[in-house]
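So the protein lines, in turn, are chains A and B.
With the numbering used here applied, the first sequence closes on residue 410, and no number is skipped along the way.
With the numbering used here applied, the second sequence closes on residue 410, and no number is skipped along the way.
Check before you lean on any hint, since a few could be wrong.
DSS-like mimics (lysine-lysine), calculated; alpha carbons at most 25 Å apart, straight line [unchecked claim]: (1) A:K23 / A:K283; (2) B:K307 / A:K110; (3) B:K197 / A:K110; (4) A:K197 / A:K110; (5) A:K337 / A:K283; (6) A:K380 / B:K110.
Worth flagging that the hints you see were computed from the coordinates, not collected in a lab.
The structure displayed is predicted, hence computed values, not measured ones.
Protein chains: 2
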Amino acid sequence: MRICVLGGDGYCGWATSLYLSKKGHQVSIVDNFSRRQWDYELGVQTLTPIQPLADRLRVWQERTGEQIQLFTGDVTDYDFLSSVLAEVRPDAIVHFAEQRSAPYSMIDRKHAVFTQVNNVVGTLNLLFAIRQWAPDCHLVKLGTMGEYGTPNIDIEEGYIRIEHNGRSDVLPYPKQPGSFYHLSKVHDSHNIMFTCKIWGMRATDLNQGVVYGTMTNETMLDEALINRFDYDDVFGTVLNRFCAQVAAGHPLTVYGRGGQTRGFLDIRDTVRCIELACMNPAKPGECRVFNQFTEQFSVLELAQMVKAGARKLGLTVHIDHLPAPRVEAEEHYYNAKHSRLLDLGLRPNYLSDSLLDSLINIAIKYRDRIDPALFVPQVKWRDSENVRTRTPPAAGASFPASAAAAIAGD
Amino acid sequence: MRICVLGGDGYCGWATSLYLSKKGHQVSIVDNFSRRQWDYELGVQTLTPIQPLADRLRVWQERTGEQIQLFTGDVTDYDFLSSVLAEVRPDAIVHFAEQRSAPYSMIDRKHAVFTQVNNVVGTLNLLFAIRQWAPDCHLVKLGTMGEYGTPNIDIEEGYIRIEHNGRSDVLPYPKQPGSFYHLSKVHDSHNIMFTCKIWGMRATDLNQGVVYGTMTNETMLDEALINRFDYDDVFGTVLNRFCAQVAAGHPLTVYGRGGQTRGFLDIRDTVRCIELACMNPAKPGECRVFNQFTEQFSVLELAQMVKAGARKLGLTVHIDHLPAPRVEAEEHYYNAKHSRLLDLGLRPNYLSDSLLDSLINIAIKYRDRIDPALFVPQVKWRDSENVRTRTPPAAGASFPASAAAAIAGD
Numbered sequence: 001m002r003i004c005v006l007g008g009d010g011y012c013g014w015a016t017s018l019y020l021s022k023k024g025h026q027v028s029i030v031d032n033f034s035r036r037q038w039d040y041e042l043g044v045q046t047l048t049p050i051q052p053l054a055d056r057l058r059v060w061q062e063r064t065g066e067q068i069q070l071f072t073g074d075v076t077d078y079d080f081l082s083s084v085l086a087e088v089r090p091d092a093i094v095h096f097a098e099q100r101s102a103p104y105s106m107i108d109r110k111h112a113v114f115t116q117v118n119n120v121v122g123t124l125n126l127l128f129a130i131r132q133w134a135p136d137c138h139l140v141k142l143g144t145m146g147e148y149g150t151p152n153i154d155i156e157e158g159y160i161r162i163e164h165n166g167r168s169d170v171l172p173y174p175k176q177p178g179s180f181y182h183l184s185k186v187h188d189s190h191n192i193m194f195t196c197k198i199w200g201m202r203a204t205d206l207n208q209g210v211v212y213g214t215m216t217n218e219t220m221l222d223e224a225l226i227n228r229f230d231y232d233d234v235f236g237t238v239l240n241r242f243c244a245q246v247a248a249g250h251p252l253t254v255y256g257r258g259g260q261t262r263g264f265l266d267i268r269d270t271v272r273c274i275e276l277a278c279m280n281p282a283k284p285g286e287c288r289v290f291n292q293f294t295e296q297f298s299v300l301e302l303a304q305m306v307k308a309g310a311r312k313l314g315l316t317v318h319i320d321h322l323p324a325p326r327v328e329a330e331e332h333y334y335n336a337k338h339s340r341l342l343d344l345g346l347r348p349n350y351l352s353d354s355l356l357d358s359l360i361n362i363a364i365k366y367r368d369r370i371d372p373a374l375f376v377p378q379v380k381w382r383d384s385e386n387v388r389t390r391t392p393p394a395a396g397a398s399f400p401a402s403a404a405a406a407i408a409g410d
Numbered sequence: 001m002r003i004c005v006l007g008g009d010g011y012c013g014w015a016t017s018l019y020l021s022k023k024g025h026q027v028s029i030v031d032n033f034s035r036r037q038w039d040y041e042l043g044v045q046t047l048t049p050i051q052p053l054a055d056r057l058r059v060w061q062e063r064t065g066e067q068i069q070l071f072t073g074d075v076t077d078y079d080f081l082s083s084v085l086a087e088v089r090p091d092a093i094v095h096f097a098e099q100r101s102a103p104y105s106m107i108d109r110k111h112a113v114f115t116q117v118n119n120v121v122g123t124l125n126l127l128f129a130i131r132q133w134a135p136d137c138h139l140v141k142l143g144t145m146g147e148y149g150t151p152n153i154d155i156e157e158g159y160i161r162i163e164h165n166g167r168s169d170v171l172p173y174p175k176q177p178g179s180f181y182h183l184s185k186v187h188d189s190h191n192i193m194f195t196c197k198i199w200g201m202r203a204t205d206l207n208q209g210v211v212y213g214t215m216t217n218e219t220m221l222d223e224a225l226i227n228r229f230d231y232d233d234v235f236g237t238v239l240n241r242f243c244a245q246v247a248a249g250h251p252l253t254v255y256g257r258g259g260q261t262r263g264f265l266d267i268r269d270t271v272r273c274i275e276l277a278c279m280n281p282a283k284p285g286e287c288r289v290f291n292q293f294t295e296q297f298s299v300l301e302l303a304q305m306v307k308a309g310a311r312k313l314g315l316t317v318h319i320d321h322l323p324a325p326r327v328e329a330e331e332h333y334y335n336a337k338h339s340r341l342l343d344l345g346l347r348p349n350y351l352s353d354s355l356l357d358s359l360i361n362i363a364i365k366y367r368d369r370i371d372p373a374l375f376v377p378q379v380k381w382r383d384s385e386n387v388r389t390r391t392p393p394a395a396g397a398s399f400p401a402s403a404a405a406a407i408a409g410d
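Chain A on its own, in the form it takes in the complex:
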């Protein structure tokens, strides 16, 4: 298949691009390197030393003989995006090209506006470009489990049958997103559902859980293919951060009581889920929703698993409970369905001791690159203007308003 991966230089996008390329698909990456720019803005860096994309692609071709085409540009620029689709005429488009951090969206007004405009306009442009250049193309859009929030009833996959006053209908599942970022994904979901209805487009909205891990069979082929490993308080995901904390001899930072329960998955399952969605496209007019995760854990459960894993490696780890920076329930019911990708053939890589060992060992390998100041959450949901300051400020890690404004473009 001809597959475009929008945001193919990011954490999930890079692993997905390589996996699809290895499987014989003709992969094109579209990226504007925003993700690398946000690292500069925040004064952070991935734990793993990732290479420039051009080098990554060259090494990939040397190692596998497979070529991945690169289009450098911004999906909020319609002329650019349109020219890509006109040239590639893809069978499927995997859309990762959004600002994907909840804390980033909560820094201040400019970051909230930037996140929603960037994500909503990028997706609107994509819908119109597909309509114009590849109306039969299947859109595989990354949503998030965070769109649902934590309702007191079971979470279904995108839709729910509601019985009410003696009548019944299947309706979009009610959404209670918990940040301006999560809200942007809800906005996207509604927009996509609408264009499937009016234009007969095909879409799969993948409500992904929290991804952990960094290695896939493909990224392990060469050190130059190494994937991101974000552990900072803004872009880091929780399990990766815990492993970095182990490596740095830092307590595990659990927010509040740690009862926040979420869906999780290994990045090796992310790439497989994307391929399953591509190989089994939605029908014309269908807006399908899959919940893309394999297991649920509470944050405290994860911390305890990491602590136990570290002990087996001879490392002593403490768990710190920090005041919760977010506004969210710290104890709640959570039972989210996730059978549709399993039905398509997903065989999960469940979180295992060996995976935890491997993650901790990667963190130890690169521990000289860890800045412990980045472990502390600095963006508070109840503040409307978060200025990142550290005591003492780490070199290059300050957060000047001017840099933020330049990025936010607002």
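Guided by the hints, dock chain B onto chain A, whose structure is given.
What follows is chain B alone, placed relative to chain A:
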């Protein structure tokens, strides 16, 4: 109370500003005259000859002794909006300042993007400005009944109790909006609900039905205070358009079979509902939703009522069924709750023969200003690029792409 009316030069905003001023509130209007600009863009004009806002406000003061303060600017400009709130420190803000036409949002990509960015960013800015300058201020936000779509179950006021797999929760009512404009209102609703939760803001989201009528006790004080009366295919509302068609001797244009059922209300009830919301504010942290309409009709029922009303005035009227330009169910279940404003004391002005007489007579009075070419729907939902052309083109009524681009700002 000190009340800011954002969009106070528009159809509902103008009538609301005068009503609140007459009731003794200190009213400030914030407007950037976008609505007048869109008329220029589309080559249309209101049936009634509205005056420049400065003249309207001068006459209002001469007639009543009441002064309405004017702030000219754009709510998507945060510095401007912030300066207004810093100066006024309002007790309530009524937010009409959005692009409110479904067909306008469906013209093409630029209009879709413009509508969503304009509405979402304006509302985000407002939420942050309230947080900064008037955190106890009550936001009264205009939503639309169109957010709900036409589910096969009763429509509740914003939230619904769902029983599912033996558990129960009260969740946001599922939304199925039918245009990029309606989608923008759904995005707003989610954003507002979130800031009420994290910042303890007070908000009332008024999901308004289709408004008809033009006269209120206040606008009738002087010809210079006359309100808009839009009958064109883009900004016109259905009952007003039918009355203009009667006056022009044009058949009533029903889209499809006309079974589309919606909630309706008289503009005299709009202004009263706004005041009721202001006088009974939401509690801190509460995001309240009222469905703001008084009666439901199908479009065909309305056409038949207008036809009967015209006959009593000695006018013969035909009903034309045009191919439906929108993608919507032409026959469907519809039962929307609307008791909360009644509970607060609303006494509705139901649609009566005398109101229909009056509306038709207004249309007859100004019939020389009617351009029948504007009755024909030209924006089709299934097209992704609608170019407005007419045969023969009405003077000044063409729709050059350059003008569209200038407005859309994208």
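Hints, one by one, checked against the model:
Restraint check for A:K23 and A:K283: satisfied, since their Cα atoms lie roughly 23 Å apart, inside the 25 Å limit. Taking the CA atoms of B:K307 and A:K110, the gap is near 52 Å; set against the 25 Å cutoff, the hint is violated. Proximity of B:K197 to A:K110 is assessed by CA-CA distance (about 20 Å); at most 25 Å being required, the pair is judged to hold. As the CA atoms of A:K197 and A:K110 are separated by approximately 33 Å, the hinted pair breaks the 25 Å bound.
The suggested pairing of A:K337 with A:K283 holds, with an alpha-carbon distance near 22 Å, which does not exceed 25 Å. Restraint check: the Cα-Cα separation between A:K380 and B:K110 comes to about 35 Å, which exceeds 25 Å; the hinted pair is violated.
The structure fails to meet hints 2, 4, 6 from the earlier list, while all remaining hints are met.
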